[in-house]
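**Student:** Each chain, written out:
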Amino acid sequence: MALDIGLILSAVLAGMIPRAMPALLAATGENIDEIGGVLNLGVEGMMLMGAIVAFIVDYNTGSILLGFLAAGAVGLLFSFFHAVASVTLKADQVVSGTAIWFIGWGLSGVLYHAAFGFTTSPVRINTLPSVSIPYLSNLPWVGTLIFGESPIFYLTLLLIAGVQYFLYHTKPGLNLRTVGENPRVADVMGVNPMRYRYGATLFGGFLAGLGGAYLTLVIVGSFDYDMTAGIGFVAVALVLFGKWRPWRVFIGAMVFGAIYVLYLTLESVLPSFPYQFLEMWPYLATLAFIVVVGKRANPPQALGRPYDKGE
Amino acid sequence: MAEPEVRMRGIVKKFGQVVANDGVDLELYSGEIHALLGENGAGKTTLMNVLYGVQRPDGGNIYVKDKEVSLRSSNDAQSLGIGMVHQHFSLIPVFTVAENLAIGLKEGGTRLEISKVKERIERTATQSNLVVDPGKVVGQLSIGEQQRVEILKLLFRGAQVLILDEPTSSLTPQEAIDLFHTLRTLRQGGKSIVIITHKLYEALDIADRVTVLRKGRVTLKGAREGITREALTEAMIGRQIETKGYERATIATTNSMKVEDLAVAPERGRVPVEGVSLQIKSGEILGIAGVAGNGQKDLIECLFGLRSVKAGRILLDGVEINNFPIRKRLEAGLCYIPEERKTRAVAIEMSLMFNSIMHDHWEEPNVRRGLLDGSAIRDLTKRIISKFNVVTQSENSEAGSLSGGNLQKFIVGREMSRNMKYLLAVNPTAGLDVGATDDVRKTLVEYRNQGKGILMVSEDLDELLSMCDRIVVIYKGIVSQALSEASFDKLKIGAMMLGEGFEQKKVAA
Numbered sequence: 000m001a002l003d004i005g006l007i008l009s010a011v012l013a014g015m016i017p018r019a020m021p022a023l024l025a026a027t028g029e030n031i032d033e034i035g036g037v038l039n040l041g042v043e044g045m046m047l048m049g050a051i052v053a054f055i056v057d058y059n060t061g062s063i064l065l066g067f068l069a070a071g072a073v074g075l076l077f078s079f080f081h082a083v084a085s086v087t088l089k090a091d092q093v094v095s096g097t098a099i100w101f102i103g104w105g106l107s108g109v110l111y112h113a114a115f116g117f118t119t120s121p122v123r124i125n126t127l128p129s130v131s132i133p134y135l136s137n138l139p140w141v142g143t144l145i146f147g148e149s150p151i152f153y154l155t156l157l158l159i160a161g162v163q164y165f166l167y168h169t170k171p172g173l174n175l176r177t178v179g180e181n182p183r184v185a186d187v188m189g190v191n192p193m194r195y196r197y198g199a200t201l202f203g204g205f206l207a208g209l210g211g212a213y214l215t216l217v218i219v220g221s222f223d224y225d226m227t228a229g230i231g232f233v234a235v236a237l238v239l240f241g242k243w244r245p246w247r248v249f250i251g252a253m254v255f256g257a258i259y260v261l262y263l264t265l266e267s268v269l270p271s272f273p274y275q276f277l278e279m280w281p282y283l284a285t286l287a288f289i290v291v292v293g294k295r296a297n298p299p300q301a302l303g304r305p306y307d308k309g310e
Numbered sequence: 000m001a002e003p004e005v006r007m008r009g010i011v012k013k014f015g016q017v018v019a020n021d022g023v024d025l026e027l028y029s030g031e032i033h034a035l036l037g038e039n040g041a042g043k044t045t046l047m048n049v050l051y052g053v054q055r056p057d058g059g060n061i062y063v064k065d066k067e068v069s070l071r072s073s074n075d076a077q078s079l080g081i082g083m084v085h086q087h088f089s090l091i092p093v094f095t096v097a098e099n100l101a102i103g104l105k106e107g108g109t110r111l112e113i114s115k116v117k118e119r120i121e122r123t124a125t126q127s128n129l130v131v132d133p134g135k136v137v138g139q140l141s142i143g144e145q146q147r148v149e150i151l152k153l154l155f156r157g158a159q160v161l162i163l164d165e166p167t168s169s170l171t172p173q174e175a176i177d178l179f180h181t182l183r184t185l186r187q188g189g190k191s192i193v194i195i196t197h198k199l200y201e202a203l204d205i206a207d208r209v210t211v212l213r214k215g216r217v218t219l220k221g222a223r224e225g226i227t228r229e230a231l232t233e234a235m236i237g238r239q240i241e242t243k244g245y246e247r248a249t250i251a252t253t254n255s256m257k258v259e260d261l262a263v264a265p266e267r268g269r270v271p272v273e274g275v276s277l278q279i280k281s282g283e284i285l286g287i288a289g290v291a292g293n294g295q296k297d298l299i300e301c302l303f304g305l306r307s308v309k310a311g312r313i314l315l316d317g318v319e320i321n322n323f324p325i326r327k328r329l330e331a332g333l334c335y336i337p338e339e340r341k342t343r344a345v346a347i348e349m350s351l352m353f354n355s356i357m358h359d360h361w362e363e364p365n366v367r368r369g370l371l372d373g374s375a376i377r378d379l380t381k382r383i384i385s386k387f388n389v390v391t392q393s394e395n396s397e398a399g400s401l402s403g404g405n406l407q408k409f410i411v412g413r414e415m416s417r418n419m420k421y422l423l424a425v426n427p428t429a430g431l432d433v434g435a436t437d438d439v440r441k442t443l444v445e446y447r448n449q450g451k452g453i454l455m456v457s458e459d460l461d462e463l464l465s466m467c468d469r470i471v472v473i474y475k476g477i478v479s480q481a482l483s484e485a486s487f488d489k490l491k492i493g494a495m496m497l498g499e500g501f502e503q504k505k506v507a508a
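Line by line, the protein sequences give chains A and B.
Going letter by letter, the first sequence gives residues 0 to 310 in numbering that gives the first Met the number 0.
Going letter by letter, the second sequence gives residues 0 to 508 in numbering that gives the first Met the number 0.
Warning: the hint list may mix true and false statements.
[What the hints assert, rightly or not] Label pairs and their in silico Cβ distance ranges:
#: 1; chain 1: B; residue 1: 324; chain 2: A; residue 2: 97; range: 31 to 39 Å
#: 2; chain 1: B; residue 1: 114; chain 2: A; residue 2: 244; range: 20 to 28 Å
#: 3; chain 1: B; residue 1: 141; chain 2: A; residue 2: 224; range: 55 to 63 Å
#: 4; chain 1: A; residue 1: 97; chain 2: B; residue 2: 58; range: 27 to 35 Å
#: 5; chain 1: B; residue 1: 92; chain 2: A; residue 2: 308; range: 51 to 59 Å
#: 6; chain 1: A; residue 1: 250; chain 2: B; residue 2: 109; range: 48 to 56 Å
#: 7; chain 1: A; residue 1: 191; chain 2: B; residue 2: 141; range: 29 to 37 Å
#: 8; chain 1: B; residue 1: 271; chain 2: A; residue 2: 83; range: 46 to 54 Å
#: 9; chain 1: B; residue 1: 499; chain 2: A; residue 2: 242; range: 42 to 50 Å
#: 10; chain 1: B; residue 1: 105; chain 2: A; residue 2: 289; range: 33 to 41 Å
#: 11; chain 1: B; residue 1: 207; chain 2: A; residue 2: 83; range: 50 to 58 Å
#: 12; chain 1: B; residue 1: 327; chain 2: A; residue 2: 289; range: 34 to 42 Å
What the hints contain is simulated information worked out from the structure, not anything from laboratory work.
Model, not experiment: these values are computed from the prediction.
Even glycine gets a Cβ: it sits at the ideal position worked out from N, Cα and C.
Please take these sequences and the hints and turn them into a complete structure.
**Tutor:** Okay, here's the thing in structure tokens:
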């Protein structure tokens with residue numbers, strides 16, 4: 000059986016952006032978090048919480064906007080816990096993040112059953128339709144690819160541009176980068192490291208929640224136990240891949256999205272091939288990227304280290 | 000005389016039992032350079048940390064422009080126009096000069112207008128003789144340039160009083176001259192400058208007024224003109240101490256550790272060490288003199304096995320150990336006292352007991368039937384503590400809880416308690432107080448007298464002269480012929496440390 004390369008390629012291009020979006024949102028938030036020096040490994044849990052809360056709110060109100068807002072709020076709440084543990088109480092950030100992952104993982108499943116009981120077929124909602132930008136979306140190839148996406152995508156582009164501007168063209172952005180490099184220097188220069196770290200962590204949590212909501216409200220339309228399947232960790236990896244640069248993180252997310260769709264496409268084109276191996280492939284690719292890029296990465300010097308004023 | 004810019008009255012600062020400042024008075028006037036002089040541990044930095052708001056005094060008052068102030072943080076000090084450059088710079092290496100200076104900037108809007116910052120830097124820089132490219136990344140600047148950035152940072156924040164902690168310690172001679180030039184310009188501009196130093200000639204060279212601290216008390220203060228070198232020396236170290244004070248027996252030995260035409264495997268950013276030939280006889284102390292950064296540490300690390308050999312041979316009692324892993328070197332009787340006490344010599348969060356067996360925890364009697372023997376280890380640790388006068392609560396105390404001097408006594412004692420033949424020691428007394436320094440030196444000489452061979456790197460030439468049987472000088476990775484005790488000449492060795500006699504050698508090779 001000959002594979003139709005053209006068909007596969009167009010499928011990959013068409014599906015790349017939607018599949019990249021949850022990881023992109025979460026990674027953009029995680030990036031800010033890490034630039035401030037706080038590692039959040041709880042992204043996965045925050046995304047699951049965002050996914051379920053968005054789903055429940057949308058199901059009950061019919062409002063996708065409210066769904067997203069609720070998901071952002073629950074992301075804020077969970078990242079607040081992370082900030083209290085790792086910034087104020089100076090706990091190990093890896094341990095705190097892992098705890099949040101576990102809580103989100105378990106609690107999201109419980110909430111689903113609490114809201115909908117045990118059903119034989121999954122509960123469904125309508126997903127967000129995509130918008131077509133007039134004229135531009137009629138362009139061949141790139142038309143549907145770039146100009147026929149969900150509105151969230153366009154907002155996200157604006158967000159990344161804003162993050163880029165914030166980090167490299169504003170004083171608070173410079174201060175945040177300083178806090179991530181050396182909080183003591185920041186402190187001596189009159190910048191409060193605690194405040195910046197809280198802000199960055201909350202921002203990261205908010206976006207992780209939105210990333211989770213994107214899964215249920217835009218892509219799938221239903222909730223599945225552990226439906227993020229590691230995307231939260233991919234988001235953490237993407238930050239490393241992107242070397243803490245917002246647009247590089249964006250490119251990384253797109254590559255991840257393409258690889259993910261490729262696996263979905265190949266699965267349907269090659270039904271006899273054991274799908275378990277295809278399923279591994281986006282994650283193996285992520286791992287390979289990290290090994291190659293990570294060696295040369297130059298992370299914020301204080302990443303993962305709590306700041307103790309008295310020391 | 001005008002009112003002083005800053006007045007400190009009766010400052011007392013204690014760390015536990017140790018009194019770092021014991022009723023210190025200090026006045027700083029505008030338009031003067033003030034040298035704060037004293038030996039390591041005399042309390043100079045502590046006093047300035049108090050003025051900079053980093054440490055809170057246990058007693059005394061501080062007045063700025065005749066108003067009593069309470070300094071709770073460095074931000075308080077900065078807002079009163081007091082700035083400090085620490086020995087370890089607080090710059091972000093991945094940022095540009097301009098970005099480093101813009102951190103925490105309040106004036107203007109939220110937008111970071113880096114071009115405006117650059118303009119301001121250039122203006123300040125020309126006024127004060129501080130040439131630096133504001134667009135450059137700090138990590139790529141030399142130490143001298145980074146220091147200029149630090150000073151600019153203070154001026155940028157409107158500092159009137161500038162405190163520099165050991166500002167020349169890591170500068171080249173030319174950079175030091177440039178720095179002094181800058182400081183004179185700043186003095187003319189009416190700034191009040193404090194340099195903390197333990198170098199006499201620096202104080203004599205640049206200061207208008209001098210305050211000398213010893214053991215936390217002011218022993219001398221006054222205008223530069225009225226002070227002689229001798230008076231400064233005595234104020235700093237008390238009565239002149241006898242340096243040639245160590246009994247050294249003559250030992251007849253045949254064993255030695257030999258280094259033949261050794262080249263250390265090169266590492267980026269390090270001085271290449273090549274063509275080193277040495278012989279460390281048992282029963283002697285061979286000293287390596289040299290200015291820091293000339294490859295002495297690389298050489299020692301190579302001998303111990305932390306760096307690999309590129310060419311040449313290392314022989315221990317006739318056995319080539321080039322390819323020995325460290326454990327085999329330890330078992331062959333090689334010991335090592337690194338300079339970085341707390342990061343390389345001990346695990347600071349572990350007890351003295353565990354630290355005492357780090358090099359030989361696999362050997363009897365520390366281990367029996369494959370298990371650590373607690374009582375044997377406790378005995379060993381207690382022996383080290385009592386024999387080497389280590390002041391500690393108990394053998395269970397964490398290594399990190401010991402003071403620098405006691406920790407070093409413990410480390411030296413640990414090495415001496417092993418089955419040792421040759422010892423490699425790097426700056427074994429650096430940063431120790433007079434008492435501990437003397438203890439460590441005595442111990443080393445005592446073990447020399449018992450027939451051990453010691454190779455000792457020290458930046459303190461007086462120390463080497465007082466302890467060593469022979470001395471070699473290292474300069475840019477090249478080691479000189481050994482000088483025997485009869486031909487020790489401080490001035491000559493000092494000149495060699497700055498490269499005299501080495502150019503010809505390189506041509507010859």
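**Student:** Taking the beta carbons of residue 92 of chain B and residue 308 of chain A, is their distance inside 51 to 59 Å?
**Tutor:** Cβ of residue 92 of chain B to Cβ of residue 308 of chain A: about 22 Å, so the range 51 to 59 Å is violated.
**Student:** Could you say whether the range 34 to 42 Å given as a hint is met by the Cβ separation of residue 327 of chain B and residue 289 of chain A?
**Tutor:** 37 Å, holds
**Student:** Look at the Cβ atoms of residue 141 of chain B and residue 224 of chain A and judge whether their distance stays inside 55 to 63 Å.
**Tutor:** With a Cβ separation near 59 Å, residue 141 of chain B and residue 224 of chain A satisfy 55 to 63 Å, so the hint holds.
**Student:** State, for the Cβ atoms of residue 114 of chain B and residue 244 of chain A, whether the hinted interval 20 to 28 Å holds or is violated.
**Tutor:** For residue 244 of chain A against residue 114 of chain B, whose Cβ atoms are near 22 Å apart, the range 20 to 28 Å holds.
**Student:** Does the Cβ-Cβ separation between residue 324 of chain B and residue 97 of chain A fall within 31 to 39 Å?
**Tutor:** Once the Cβ atoms are compared, 37 Å apart, the range 31 to 39 Å for residue 97 of chain A and residue 324 of chain B holds.
**Student:** Within 27 to 35 Å: is that where the Cβ-Cβ distance between residue 97 of chain A and residue 58 of chain B falls?
**Tutor:** Hint violated: Cβ distance 48 Å, outside 27 to 35 Å.
**Student:** Starting from the hint 46 to 54 Å, judge whether the C-beta atoms of residue 271 of chain B and residue 83 of chain A obey it.
**Tutor:** 52 Å, holds
**Student:** For the hint 50 to 58 Å, verify it against the beta carbon of residue 207 of chain B and that of residue 83 of chain A.
**Tutor:** Roughly 52 Å apart at Cβ, these two residues keep to the hinted range, so it holds.
**Student:** Is the distance from the Cβ of residue 105 of chain B to the Cβ of residue 289 of chain A consistent with 33 to 41 Å?
**Tutor:** Holds, since residue 105 of chain B and residue 289 of chain A (Cβ atoms, about 39 Å apart) stay within the stated range.
**Student:** Range first: 48 to 56 Å. Now tell me if the beta carbons of residue 250 of chain A and residue 109 of chain B are that far apart.
**Tutor:** 28 Å, violated
**Student:** Holds or violated: the 29 to 37 Å window for the beta-carbon distance between residue 191 of chain A and residue 141 of chain B?
**Tutor:** Holds - the Cβ-Cβ distance for residue 191 of chain A and residue 141 of chain B, about 32 Å, lies within 29 to 37 Å.
**Student:** Could you see if the CB distance from residue 499 of chain B to residue 242 of chain A stays within 42 to 50 Å?
**Tutor:** Since residue 499 of chain B and residue 242 of chain A have Cβ atoms about 48 Å apart, the given range 42 to 50 Å holds.
Hint check: violations occur at hints 4, 5, 6; the rest are consistent with the structure.
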